[in-house]
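> Could you put the whole structure together from the sequences, leaning on the hints where they help?
Quick note, the sequences are listed as chains A and B, same order. Position one of the first sequence corresponds to residue 1 (the numbering used here), numbered consecutively onward. Position one of the second sequence corresponds to residue 1001 (the numbering used here), numbered consecutively onward.
I should point out that these hints are in silico values taken from the structure, not numbers from a laboratory. Worth double-checking, as some hints may not be accurate.
As the list claims (entries may be wrong) - Just the calculated beta-carbon pair ranges, DEER-fashion: (1) A/Gly54 - B/Arg1037: 22 to 28 Å; (2) B/Asn1095 - A/Glu11: 18 to 24 Å; (3) A/Lys154 - B/Gly1219: 50 to 56 Å; (4) B/Val1216 - A/Arg151: 15 to 21 Å; (5) A/Asp9 - B/Gln1085: 23 to 29 Å; (6) A/Lys154 - B/Arg1029: 48 to 54 Å; (7) B/Val1271 - A/Lys154: 55 to 61 Å.
Where a beta carbon is used, it is the ideal one built from N, C-alpha and C, also for glycine.
Each chain, letter by letter, is given below.
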Amino acid sequence: VREADGSGDLERLLSERGDQLMRTAVLLAGSRQDGEDLLQAAVERLLRRGRRVGNPEGYLRRTLYNLAADGWRRQGAWRRKLPVIRASDSAVETDMTAAVDLRDALMRTLRRLPAGQRAVIVLRYWDQLSEAETAAVLGCSEGTVKSAASRGLKRMRELASPWLGTEVER
Amino acid sequence: MSTAFEELVRDSMDWLTTDVELPVGLAARARRRHRRRRLAQFTAVAAGAAGAAALTAVLVTGPAAGAPGPASRRSGDQTTAYVIQRVDSALASGNLVMWDAVSLRNEFAYMDGSRSYETVTWSYRADTSTRTFGVGGQLQADAGTALVNGKFRSVQVDYVRHDWQLLPPGPASTPAKPCTLAGFLAAGDGDSMPRWPSLIRQELACGRYRVTGRTVVDGARTIKITGSATIKIPSGQLRIVNTIFVNPATYLPVQISQYAKSVAHPGEASVPSSTDFQWLPATAARIRQTLVTIPPGYPQVQG
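Shown next as C-alpha cells:
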C-alpha cells in the first residue's frame, strides 16, 4: 500500500475484503458505529506504515485486534454501560422469537468478555482461523489461544444460560 | 470437532453481521485524516524552523484561502455534509426496528386480482417481514425471514392460496449495489427493502444528495434531502428524483418519495410514490413482528 501512487492497492483490498473486515470490526467493537471508527483507524495506521507493510490484510487484522483491545482497556467502564442482561419472559417462549433472542443474548455476552478472549472467539469462530493462525495474529502461544477460547466459550455459556435450552450440546 | 454451542456462537456472529457492509467512503475518510495528521506534523516542524508568524502568512495566502467558492455554496455544502453525517450516525445504531408502509396502485394485478394494495414492512437488522394487504385490508401475503427447521430462511406465505414457499436468492433478496443507478432507484423505492438503512447510508455517502430545504410532513417539521439521476428510455431521458425527509431532532428518515420527470418536458412528471417510516426501540414484541410466521397446516410448495 503506497500512499503516493498506490492508492489502488488499498481500494482493491477494501473492495475485495472490506465487507469481511467491517464485520470483524463490528464484532470486536460491539456496534456498527464503533466498528466503522475502528476499521477507519486501522486503515489510517496502514496508510501511515505505507510501503513497509508486506501483507496489508494481515496488518489490518492485527491492528483491528490491537486497537480494539486498547479501546477496551481505555474504556474500562464500558461494561457498566451495557444494558443489564437478564432472562426475560422470552426465555420460555418456544416460537422463533426465542431463536432471535438467543442470538442477541449471545452477542451481548461476547461484548462482556475480556479483550483477549473476545479476540480469540472472533478469530476462531468468525474468521475460522486455526489455533496456530490465531496465535500468530495475536502474537501469543497456541496454548494461550486454546485456554482463552475455552474460558471465553465457558463464560459465554454461563452468561447466556437463561436463554439456552437443553437441546444445546454441552 | 466443533460442538453445537460453538456452531451457535458462529451462527450468532453471522446473524449479527449479515447485513454489515463496508461503508462507502471509509478509505477516503481515513486518507483525509492521515493527510491532515501529516500536515499537522509538517506544520509543527516548519513552525519550529521558520517561526509561527511566517507560517501563518503562508497558509493564509495559500490556494484554499485564495480561491474560495461562493459563500452560499460553501454554506450549503457544509449544511449537506453535516446533515448527511447526522443521518448516517442515526441509522448506524442498528438497534432500532424499522416500520414502513406504502400504498401502491399498480398497472398490474396483484395476488387477489386487485391493482391497489398496501404493504407494511417490519425490519430489524437483516430480518424482515413484508405484509401485503388488499383493498379491503385483508392480509394477502407475508414475505421475509422465517425460522424453518432451526435456520433463518427467506420465505413467502400466501394467504390467498393458503401455502408457503422458500424464496430463492435473487434480485429481491440481494441488496442493490450502492452508488449505482440500481442502488439509487432501490433506495428511493423504499418499499419492502430489507437492509434499507444500510443501503441509504451508502447512497448518501455517494455525494448525490443535497439538503434542499425544510418542509412539513404529516404535521411534523422535516429536513428535505434530494438526489437525482438520469436514465435513458426509448423516447428520451427521465430524471428520477428521490427526496428523503428526516426528523430534525433525531435525523432519522420519516418519509422517502420518488418520482420521475421528463428531461425534455420538465412539466411532465409521474405521481410520487412515497414510503413512511417509523423507528422503534427493539423490544421482543417488535422483533417478533420482523419475522414471518408460517401458519400451521399450510403446505410448502415449490416456487
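> Hint by hint, say whether it matches the structure.
Hints, verified against the model:
1. A/Gly54 - B/Arg1037: 22 to 28 Å: Once the Cβ atoms are compared, 23 Å apart, the range 22 to 28 Å for arginine 1037 of chain B and glycine 54 of chain A holds.
2. B/Asn1095 - A/Glu11: 18 to 24 Å: 31 Å, violated
3. A/Lys154 - B/Gly1219: 50 to 56 Å: Distance hint for lysine 154 of chain A, glycine 1219 of chain B holds at roughly 54 Å.
4. B/Val1216 - A/Arg151: 15 to 21 Å: 56 Å, violated
5. A/Asp9 - B/Gln1085: 23 to 29 Å: At 28 Å between Cβs, range holds.
6. A/Lys154 - B/Arg1029: 48 to 54 Å: 39 Å, violated
7. B/Val1271 - A/Lys154: 55 to 61 Å: 60 Å, holds
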